[in-house]
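Participant: With these hints in hand, go ahead and build the complete structure from the sequences.
There are 2 protein chains.
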Amino acid sequence: MGIKEDMKEMATRARTASRKLAHLDSGSKNRALQATARALLAEAERIRAENEKDLAAARSAGISGAMLDRLTLSDQAIKAMADGLNEIVALPDPVGEVTKMWLRPNGLRVGRMRIPLGVIGIIYESRPNVTIDAAALCLKSGNAVILRGGSEAINSNRVLGEIMTECARAENVPDYAVQVVPTTDRAAVDALLEQEEYIDVIIPRGGEELIRKVVEKSRIPVLKHYKGVCHVFVDADANPKKAREICLNAKAQRPGVCNAMETMLVHAAIAQDFLALIAPAFAKLGVELRGCPASREIVPGMKAATEEDWYAEYLDKILAVRVVENVDEAIAHIQKYGSDHTEAVVTENYSVAGKFIREVNSSSVMVNASTRFSDGFQYGLGAEIGISTTRLHAYGPMGLEELTTTKFIVYGDGQIRE
Amino acid sequence: MGIKEDMKEMATRARTASRKLAHLDSGSKNRALQATARALLAEAERIRAENEKDLAAARSAGISGAMLDRLTLSDQAIKAMADGLNEIVALPDPVGEVTKMWLRPNGLRVGRMRIPLGVIGIIYESRPNVTIDAAALCLKSGNAVILRGGSEAINSNRVLGEIMTECARAENVPDYAVQVVPTTDRAAVDALLEQEEYIDVIIPRGGEELIRKVVEKSRIPVLKHYKGVCHVFVDADANPKKAREICLNAKAQRPGVCNAMETMLVHAAIAQDFLALIAPAFAKLGVELRGCPASREIVPGMKAATEEDWYAEYLDKILAVRVVENVDEAIAHIQKYGSDHTEAVVTENYSVAGKFIREVNSSSVMVNASTRFSDGFQYGLGAEIGISTTRLHAYGPMGLEELTTTKFIVYGDGQIRE
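Chains as they are written, first to last, in the numbering used here: chain A, 1 to 418; chain B, 1 to 418.
Not one of these hints is a red herring.
Identical copies look the same in the list; a pair holds intra-copy or inter-copy alike.
With a straight-line cut-off of 30 Å between C-alpha atoms, the simulated DSS-like cross-links for lysine-lysine are: (1) Lys242 / Lys227; (2) Lys4 / Lys217; (3) Lys213 / Lys4; (4) Lys8 / Lys407; (5) Lys336 / Lys217; (6) Lys213 / Lys8; (7) Lys407 / Lys242; (8) Lys100 / Lys407; (9) Lys407 / Lys355; (10) Lys217 / Lys227; (11) Lys355 / Lys241; (12) Lys8 / Lys217; (13) Lys100 / Lys242.
Quick caveat, the hints were computed from the structure, so don't treat them as lab data.
Please read all numbers here as calculations on a predicted model, not as lab measurements.
Facilitator: In structure tokens, the structure reads:
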């Protein structure tokens, strides 16, 4: 069989599994996840042996540093996967929840009941722990899943998928509920993205390049964000101490993630004082500032920002800085250059806070808090399968609920249409 | 300028308009709709003159009967559009609603606020009243809209768009919030479907062929259903009188619509009595039955159903009939042949009703009611922009709420991430 037929078979098997999985009781799903957590710890040696194959290949390909770290399944990383599974067990099962129910004048009771999306495809890069994490979220929400990780982690992903499948089978989870694409052939991804009849949604996790490729080729809806060009607007009525802490945290607490601040907008009325306060602190943290002419007049030696800087997702210790006349100019800047990810205003002014919350339609909009909180766990969703900046279906961090949809349920007593 | 550039310009103008429209107050939006309702009545003559051009072209192209009726904007049809606008005025504005708000342990208040989707493209066939109806729903929900109707209604659609635009402009609605594609050039649709940067969602309304074309060419997410192959399962524990009324209503009250029953499944234990009861009633209504071998043994002269009949959306006075052994066989039939639109069970049995509601994951699932109720107005949504059988974003009838998404809003007091 060719790769196209292989992928079609995986997808049809997933579809069949999804029908049973959709109404599997929570107990069975939770027991399968708990058993997987135990098995990961018990079979740590088997996992490390497979992971070592990937690491050896990576080393001989000259990969090192952060990428090799991300690929490594240390005992600590395995323990973290097991802990993650038990956290998902503790979350309420979204399936079957009736979110609303109302009575119609003719006596019909109409409601909406949560059901799984069906079959989910996950396409991701090097971290093999995504295999367990994403599969567990899909299983808990009653979705069959097809996982396609990076070729550099193929042996790790395969063994993790095997362990989960073994544990699931013992707990009434239908066969093929969790499938890892067993080949590193690139044609497999393309073939997967054509299975629109059997796969309901694709969630890519990785860099912008990976996501653009997936979107371009997919005939299946994709839940994704390309990048996070997050802004903090320091208003004239900001508390300077809060503003300083929030901006330093938003930029430097973890610069390499999508919810880190990339551009700081400062109200002209406080720019002189605030920039003089924060520039040395950024310098101390090793953050390079790139500013508009007005901010460069205030901070001597600041590098000039180009038009590209306003669009940039640095994912690094670099920050674009711009002085704006008022909240309207800040909002206009965000609408023009932003990525619909996360923006924050720092202000003590009631009207400015209200305007910012109302008029900025990014997927997360904050007052007096660090953009770094834009995250499924921090929001209390209990989990995160990804972040969407597409307005369809889900917008912002996505937890278990976002892996479901609702069907209408109608209880009648013989009603017919006049 | 070529058609591609024209469509890109329409789309970018819509995007710009959508930014202002997103936080336009409900009062302005309602006044614009009310003014349009008045203008439709006041300018009935102008509308009929343009409509007459379309009707003349249609007649000389040999179009007649139902299609010509659908194209005609009689005084009654114009009055109905005006009434429809006033009904939309009476609906609550979904924008700005905070659907949830919760407190995190660190004091952050996190919530979800409804916002418009942005820019919506509607692609539809002959009925020109869709122009007003769809534009009004989009405007009320704060979305800019681009309308592309059938070429046979171009003059009617254009004048309706003009009237609405004139009324909207007088009420602070931003320019280009409502745009009718002014050309019948087919290339315009293709060009529109490529504006994924500026258009957030496409809603096609029309026959299966139109929808398949749109899905195939669109790089923008599409909310749609291809067809409605709706089932009624008459259980062994059905009340025969209720079952008879429901089945007759589901099939024959209006056979040409997507929520009409196309296949009737009957439990073997009551097939003899029930089919003997209902077959003469269907015959009297002029409904042709096509059955499985078991049902043909009960009803002499019943035509044989082929495999294609189980997949068929007749939209006509034809009904496929199958005898099944139990509810599981009924559910399996629905999963195999159904279209995820609407299914009903008729039963007095608590367990059968519960199983059917739980395990059938079509977008509408009913107990003891006619499938004809699957409709935004009947469900009390107040309006309907379409029905989705795609599980992403919305599933089932879509009202104003389904033209929105939610952003996360976060209120802090200086919180930073540890």
